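Student: Here is how the chains run, residue by residue.
Number of protein chains: 2
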Amino acid sequence: MNKDLRPKARVAKGFRDVGPDEIRGLRTMLATIQRVYEDYGFEPVEQPFVEYTEALGKFLPDQDRPNAGVFSFQDDDEQWLSLRYDLTAPLARYVAENQQSLPTPYRSYRQGWVFRNEKPGPGRFRQFMQFDADTVGSASPAADAEVCMMAADTMEALGIPRGQYVMKFNSRKLLDGFTETYKIGEDVKLTWLRALDKLDRLGKDGVALLLGPGRKDESGDFTKGAGLSDSQIEASLAFATATTLDPQFVSGSASGEEGLRDLQAMETLFAASGYGKDRVRYDSSVVRGLEYYTGPVFECELLMETKDEDGRTVRFGSVGGGGRYDDLVARFTGQKVPATGFSIGVSRLYSALKLVGKAQESNVLSPVVVLVMDKDRQADYWRMVMALRGAGIRAEMYVGTAGMKAQMKYADKRSAPLVVIQGGDEKARGELQIKDLRLGSELAANIASREEYAAQRLAQFSVPESELVAAVKQALGN
Amino acid sequence: MNKDLRPKARVAKGFRDVGPDEIRGLRTMLATIQRVYEDYGFEPVEQPFVEYTEALGKFLPDQDRPNAGVFSFQDDDEQWLSLRYDLTAPLARYVAENQQSLPTPYRSYRQGWVFRNEKPGPGRFRQFMQFDADTVGSASPAADAEVCMMAADTMEALGIPRGQYVMKFNSRKLLDGFTETYKIGEDVKLTWLRALDKLDRLGKDGVALLLGPGRKDESGDFTKGAGLSDSQIEASLAFATATTLDPQFVSGSASGEEGLRDLQAMETLFAASGYGKDRVRYDSSVVRGLEYYTGPVFECELLMETKDEDGRTVRFGSVGGGGRYDDLVARFTGQKVPATGFSIGVSRLYSALKLVGKAQESNVLSPVVVLVMDKDRQADYWRMVMALRGAGIRAEMYVGTAGMKAQMKYADKRSAPLVVIQGGDEKARGELQIKDLRLGSELAANIASREEYAAQRLAQFSVPESELVAAVKQALGN
Chain S
1 MNKDLRPKAR VAKGFRDVGP DEIRGLRTML ATIQRVYEDY GFEPVEQPFV EYTEALGKFL
61 PDQDRPNAGV FSFQDDDEQW LSLRYDLTAP LARYVAENQQ SLPTPYRSYR QGWVFRNEKP
121 GPGRFRQFMQ FDADTVGSAS PAADAEVCMM AADTMEALGI PRGQYVMKFN SRKLLDGFTE
181 TYKIGEDVKL TWLRALDKLD RLGKDGVALL LGPGRKDESG DFTKGAGLSD SQIEASLAFA
241 TATTLDPQFV SGSASGEEGL RDLQAMETLF AASGYGKDRV RYDSSVVRGL EYYTGPVFEC
301 ELLMETKDED GRTVRFGSVG GGGRYDDLVA RFTGQKVPAT GFSIGVSRLY SALKLVGKAQ
361 ESNVLSPVVV LVMDKDRQAD YWRMVMALRG AGIRAEMYVG TAGMKAQMKY ADKRSAPLVV
421 IQGGDEKARG ELQIKDLRLG SELAANIASR EEYAAQRLAQ FSVPESELVA AVKQALGN
Chain H
1 MNKDLRPKAR VAKGFRDVGP DEIRGLRTML ATIQRVYEDY GFEPVEQPFV EYTEALGKFL
61 PDQDRPNAGV FSFQDDDEQW LSLRYDLTAP LARYVAENQQ SLPTPYRSYR QGWVFRNEKP
121 GPGRFRQFMQ FDADTVGSAS PAADAEVCMM AADTMEALGI PRGQYVMKFN SRKLLDGFTE
181 TYKIGEDVKL TWLRALDKLD RLGKDGVALL LGPGRKDESG DFTKGAGLSD SQIEASLAFA
241 TATTLDPQFV SGSASGEEGL RDLQAMETLF AASGYGKDRV RYDSSVVRGL EYYTGPVFEC
301 ELLMETKDED GRTVRFGSVG GGGRYDDLVA RFTGQKVPAT GFSIGVSRLY SALKLVGKAQ
361 ESNVLSPVVV LVMDKDRQAD YWRMVMALRG AGIRAEMYVG TAGMKAQMKY ADKRSAPLVV
421 IQGGDEKARG ELQIKDLRLG SELAANIASR EEYAAQRLAQ FSVPESELVA AVKQALGN
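Heads up: the protein sequence lines correspond to chains S and H, in order. Using the numbering used here, count along the first sequence one by one with no gaps and you end on 478. Using the numbering used here, count along the second sequence one by one with no gaps and you end on 478.
Honestly, I wouldn't trust all of these hints.
Intra- or inter-copy, both count: the list cannot distinguish identical chains.
Claimed, not checked - Straight-line Cα separation of at most 16 Å, EDC-like style, residue types lysine to aspartate or glutamate; simulated pairs:
1. Lys13 with Glu97
2. Lys119 with Asp76
3. Lys204 with Asp217
4. Lys58 with Asp86
5. Lys8 with Glu54
6. Lys473 with Asp436
7. Lys354 with Asp221
8. Lys168 with Asp200
9. Lys119 with Asp77
Just so you know, the hints here were simulated from the structure itself, not pulled from any lab data. Fair warning: this is a prediction, and the values are worked out from it, not measured in the lab.
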């Protein structure tokens, strides 16, 4: 084919390939989460990757087009389909479609890739994995509390020590109650929320500006403020930094008092179950961006330190969040179905496990490689491999067509711990050679280069053919 | 929201939801396949779900549009992207992109969902899962043989008894060689191949018609024939029903003789490794539809019987296939990279496991449900759940808001083996009730309905609070 007509071999922008270490580490991590969720009695269920755009609520109402943030395409009967952008919208569709056959409440979990048609950036991909658990059909704070305790248990099951994570909760109703009690108008509520959400980053003074007259950032850009009064700003900051539930912030607001009762009920259950404030606690700064939350909201934060993009030491931060969404199923059925859930950002959590040395990437030993010294004797080499495998040792015969040097290079690239070599001479003596590549490179690293040869010799030894398995076992140290 | 504006809750056409039994069964099955592939020294790698359409080779050359059989969409810089339709094309892109850092040969495996924009039908979905293993960078028949033995080992590891599966192989070169030796023209070669592929279904006479003058089927539709001579037809049928490799069919054809040598080398390795013809054997009827195979081709067939769509008893048939494809990486690089692989149709294999009773769907016991008899005592009930979980028993507290009757219905829908009940009276006596739902329905099934009440009583008993865990363990029979 003409060179100019050849396609370029490149992964699509915003997507990535995943290698063996991460796949194995993720597999272990996901199995652990599954185990905890199963112990709690949640059941697995999976929706497809593709849904009707309309069912995902991503159809632009005034135009005949889907929202640009989702990958969408039309099927043969011109219906718009989209790749799921989260796991909650497909679950809502599933529950609405299968309500009759599901238990109430319906507690389920699912893991899977989701897709966003957004500008990719460092660590921001267009395909990423979420792990969700949801309880649909219960308005009880016990359902919210259960999800929070399950998340805390999950962190510990993954090896994140107590004190290094915290499951923080708040309530949308409490936030609404505050705005009602302190007369913060509907028109500035979103600005108010967003300002409070920046407390960590901007501090009290910065947020006070955003709540009041507005703020100019370092680059000179001006962000319009919410225009609140000084007393409103003062109360907002006190509310947003409170560490305990305080009825005064919502007094007189029916919604606020309801939110307060919900969170108090959750706190009672936490305390009685031995989940102290080091694991699960009220945090007024938890806001959660999504519009659809209607009650308690949660965020799981990891407290160990890491570096941010600018090299500053920061807490690792959020690895998951969720909350109560009572309106998602109603989109389909017209009837409110109370629901609550928690979603783990799998990649972020996985990065965190790597940071604390708990990502089990290297739980599989590279295989022992049996070299092919004589092509006509492949069957003999294959039998050696079978003997090793039969003894539970990961092993392979070199299946390429190249010579000795390339085979050694192959074993090296594969990080093989040992290679097994049997040429004509060894065969004649009924022997074979075992070369310890790990020992070899260790020895070579510690001695002068002119002695390397001797070191390599040390790491290679002969054994009788019949002792292959025993000798390999011994060399592997098991 | 106005009822007419509400979206319909329906899964998209050709897609489906997957429930807990299948998820658990698949999880076990996939882990078994992984284990075998890992033992062989294959490494996991995953490509994303989305690739440039061009990289998948699904761009229509004369138009500015992707092939209609793949789901495609444009990203923000107008580049065409497609959902992967198999796992091989993305692997070829990956290898071409990362050749420098990969070992040669590169042996890898991957599992994942693939997508086809085709008309769905019974058992034919637009999203389905494949499990692939590939060796890239080796022209040796040992690589093909390895894949075949690995597939055979996989079937046995999954619990399909020897004799109930067979890994059949053939070679594209042998087929080409035959057409060369017997002077079957390029123009009818595809018709010839397709006709031979129907031997199972149409028998010798039907295929003879397709090879010769053409054939009218039961509905009266006429299929044009290949127009071969009687001697060509006779030889074709002999070739297609041969059970051993026979040099006469390809004599004088360089390509045919090469194909013969490849398969003989594979047979030598099989025989030496103890893989008899009951597990891996030459079968001249294996053709494989895909255009890109260039050498040996394989098909894994299950021999146990099942019913076809019309209720007739048939062999289960193919659960996977593959072969040698030496041109896929060359699309990108211009250099031929010899490769061979095997792909399992995960859903079909899973159906087969169900058929032989080896799908491990029910490997998780439904949870014990602790009822909430008094909402103010949720914390007490939660502690019971924690005690049960602490003893390794799957347990949950009812987290809904309904009364006793709905809670029992819930436990029933959840297939709970036991429920734990503690109302005020039991609490006062320091007791709780355990109701054995499995025993209850068993007893009720065996006696007259007027005695049901008594039966239900038999299946319910009181124990002291302190003996909850021991009593539940005993009732569960462990």
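Student: Which hints from the list above does the structure break, by number from lowest to highest?
Tutor: Of the numbered hints, just 7 does not hold.
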